[in-house]
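Trainee: Protein chains in written order, with this note's numbering: chain Y, 1 to 315; chain U, 316 to 576.
Read the hints as simulated data drawn from the structure, not as lab findings. One should not assume that every hint holds.
[What the hints assert, rightly or not] Cross-link-like lysine-lysine pairs, in silico, DSSO-like; alpha carbons within 30 Å at most:
| # | chain 1 | residue 1 | chain 2 | residue 2 |
| --- | --- | --- | --- | --- |
| 1 | U | K571 | Y | K84 |
| 2 | U | K486 | U | K458 |
| 3 | Y | K84 | U | K412 |
| 4 | U | K571 | U | K356 |
| 5 | U | K356 | U | K448 |
| 6 | U | K519 | Y | K91 |
| 7 | U | K442 | Y | K96 |
| 8 | U | K553 | Y | K84 |
| 9 | U | K519 | U | K393 |
| 10 | U | K377 | U | K448 |
| 11 | U | K553 | Y | K91 |
| 12 | Y | K125 | Y | K84 |
| 13 | U | K320 | Y | K96 |
| 14 | U | K519 | Y | K96 |
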Amino acid sequence: MAMMAIDERTNLGGLEMATPLATASGTFGYGTEYLGAVDYSSLGAITVKGIRLCEWPGNNMPRHVEVPGGMVNAIGLQGPGIEKFLSHYLKQYSEKVSPKMIVNIWGGEIAEYAEVARRIDEAAKTTKEGAVIGAIECNVSCPNVKAGGHTFGQDPTILNKLVTEVRKATTLPLIVKLAPNFPDIRPYIKACEDGGADALSMINTIPAMVIDIENRRPVLANRTGGLSGRGIHPVAVKVVYDAYRATKLPILAMGGVYDARSAIELFLAGATAVALGSAIFTSPSVVGEVRQGILDYCRRHAFKAVKDLTGALEQ
Amino acid sequence: MVDTKAKVVVHEEVGTLYHHLVLEESRMAQDLRPGQFIHLKVPALEPSALRRPFSVFCADAKLGRLEVLYKTVGRGTKALNRVEVGDLLEVEGPLGKGFPEKCDGWALLVGGGYGVAPLYFLAKRLKEFGHEKVILFVGGRTKADLLALDRFASLGVEVCAATEDGSMGTKGFAVVPLDERIAQLRRSGENFELFACGPDGLLKAISDRAVSLGAPGWISTDRHMICGVGACFACIQKTVNGNSRCCVDGPVFAAKDLIWQ
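Let the sequences and hints guide you as you build the complete structure.
Mentor: Now the structure itself:
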């Protein structure tokens with residue numbers, strides 16, 4: 001018996017994806033590192049590690065610690081800066097891989113976000129290798145750098161200004177990555193909507209800390225970090241569920257996706273696309289397995305398209 | 316690099332703290348070079364646990380086997396102890412940059428504890444390429460920490476041992492017999508290169524010697540890793556190039572490029 005073909009295509013705020021799966025920023029380098037281990041044909045997009053204008057060294061070691069259900073990291077957004085990203089990493093990616101690239105950006109001030117966005121927009125429209133760029137994702141929620149990231153995402157007024165300025169700098173689909181720890185997410189979503197965002201992504205890591213009780217010191221050199229991994233999945237489901245009911249913007253959901261079931265939960269909560277992160281560290285083959293599991297689920301439950309899963313929660 | 320499943324064909328205790336693990340994976344065995352590493356998923360840990368990096372003790376392309384010599388130090392290696400012959404392990408490799416497989420003059424290999432593992436693979440390759448001038452300087456707390464000496468001996472490698480408690484070889488660190496030999500070689504005007512793997516204190520000591528003597532030094536660093544492929548930037552070593560990733564820019568670095576803090 002021929003298996004029912006499931007339509008996997010989706011549209012994330014203008015970003016056309018061949019499958020609804022992506023990778024989370026910071027877990028997938030600049031896109032080519034996992035060649036040979038990850039099934040790239042299962043990915044509708046990949047997200048690169050955060051880029052700012054200049055090269056950035058990141059935090060001191062240790063930068064991560066394993067905990068039950070995941071890990072806490074404070075890498076600190078180490079990165080090559082926009083010049084080297086465009087001349088080296090983007091070129092390398094476009095020559096080797098085909099899924100659309102989401103470029104994650106950050107900065108020390110709003111003007112820096114806007115300038116990085118402008119440079120990416122320019123590369124996307126004027127260079128051959130730039131054709132692979134599908135969207136820009138603004139990181140306003142990294143818990144591990146003092147100057148940038150998190151501070152912009154914690155005040156709706158500042159967040160709105162940031163999104164507005166980045167919006168002026170690019171016509172690419174604009175995704176804003178939000179923190180998981182707001183008492184009420186609605187003002188932040190409205191700030192993004194009013195500023196002209198095309199999509200939201202959530203959740204970033206959850207601020208966390210691990211202490212070595214023998215020497216009475218924090219384990220991470222940065223003292224605190226962000227929790228990721230399987231353990232944060234129910235938090236992600238709740239945040240996506242709240243966000244879906246508060247906005248019409250499509251949601252790129254992530255947080256503890258380790259199998260098809262955890263991905264499907266996020267779709268049902270309201271996600272348009274789902275990203276994998278820490279799970280790839282554990283088993284690169286998880287990407288293909290999650291895709292297959294989603295297709296099997298759609299067949300079992302008579303969904304003709306994966307996008308029909310979005311928000312398909314029984315009331 | 317491949318991500319695959321490999322069958323365990325040998326898994327035995329070596330003394331009380333160490334294990335010898337042999338995996339069957341022909342493609343990996345063929346591609347592996349000394350100083351490179353593999354990333355293992357430990358089946359007895361929870362499914363979401365991170366993989367663990369292991370340097371390769373030996374890879375035999377003909378037999379299609381690769382060997383690992385590991386010390387039980389934490390949760391991951393403790394769980395790995397429970398793996399049995401016949402089990403299939405998820406493994407990724409070869410990963411990272413290894414040692415150069417050539418040497419001008421004497422190859423002085425310096426290993427601390429299980430740090431001798433990749434040095435054995437290196438010694439074997441150097442010998443296969445007809446390089447006869449290979450000496451191993453090996454140190455440990457006690458005799459039980461000196462591993463695989465019979466394997467080095469069967470390659471015809473001269474072994475200079477040192478133990479902190481004096482239970483075997485020179486009493487003290489491996490650098491004691493090393494410094495004596497370096498002095499001899501310098502007196503007779505012979506070239507040498509240093510290759511080291513072991514705890515950071517030893518690596519720094521060997522790095523400093525290589526730099527101050529103007530000899531090439533090749534240092535294999537040991538860091539906790541997450542991805543093993545350069546994607547996450549967790550395993551950093553400071554170098555003249557900034558924060559380098561041990562998993563792809565290393566684990567073997569040129570001594571002159573390393574910055575120790």
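Trainee: Against the 30 Å threshold, does the CA-CA distance of K519/U and K91/Y hold or violate the hint?
Mentor: violated, 37 Å
Trainee: Would the pair K519/U and K393/U pass a check requiring their Cα atoms to be no farther apart than 30 Å?
Mentor: Holds. K519/U to K393/U sits at ~28 Å (cutoff 30 Å).
Trainee: Given the hint that K519/U pairs with K96/Y, test it: the Cα-Cα distance must not exceed 30 Å.
Mentor: violated, 38 Å
Trainee: Within 30 Å, alpha carbon to alpha carbon, are K553/U and K91/Y?
Mentor: holds, 27 Å
Trainee: Between K571/U and K356/U, is the straight-line Cα distance small enough, at 30 Å or below?
Mentor: violated, 34 Å
Trainee: For the pair supplied as a hint, K84/Y and K412/U, is the alpha-carbon distance within the 30 Å limit?
Mentor: holds, 22 Å
Trainee: Hey, K553/U versus K84/Y, does the alpha-carbon distance stay inside 30 Å?
Mentor: Distance ~20 Å between K553/U and K84/Y Cα, so the pair holds.
Trainee: Given the hinted pair K377/U and K448/U, is their Cα-Cα distance within 30 Å?
Mentor: holds, 25 Å
Trainee: Regarding the pair K320/U and K96/Y, is the alpha-carbon distance no greater than 30 Å?
Mentor: Within the cut-off at roughly 25 Å; holds.
Trainee: Do the alpha carbons of K442/U and K96/Y lie within 30 Å of each other, as the hint requires?
Mentor: violated, 38 Å
Trainee: Would the pair K356/U and K448/U pass a check requiring their Cα atoms to be no farther apart than 30 Å?
Mentor: Violated, at about 37 Å.
Trainee: Hint check: K571/U vs K84/Y, CA-CA at most 30 Å. Holds or violated?
Mentor: holds, 25 Å
Hint compliance for this structure: hints 4, 5, 6, 7, 14 are not met, and every other hint is.
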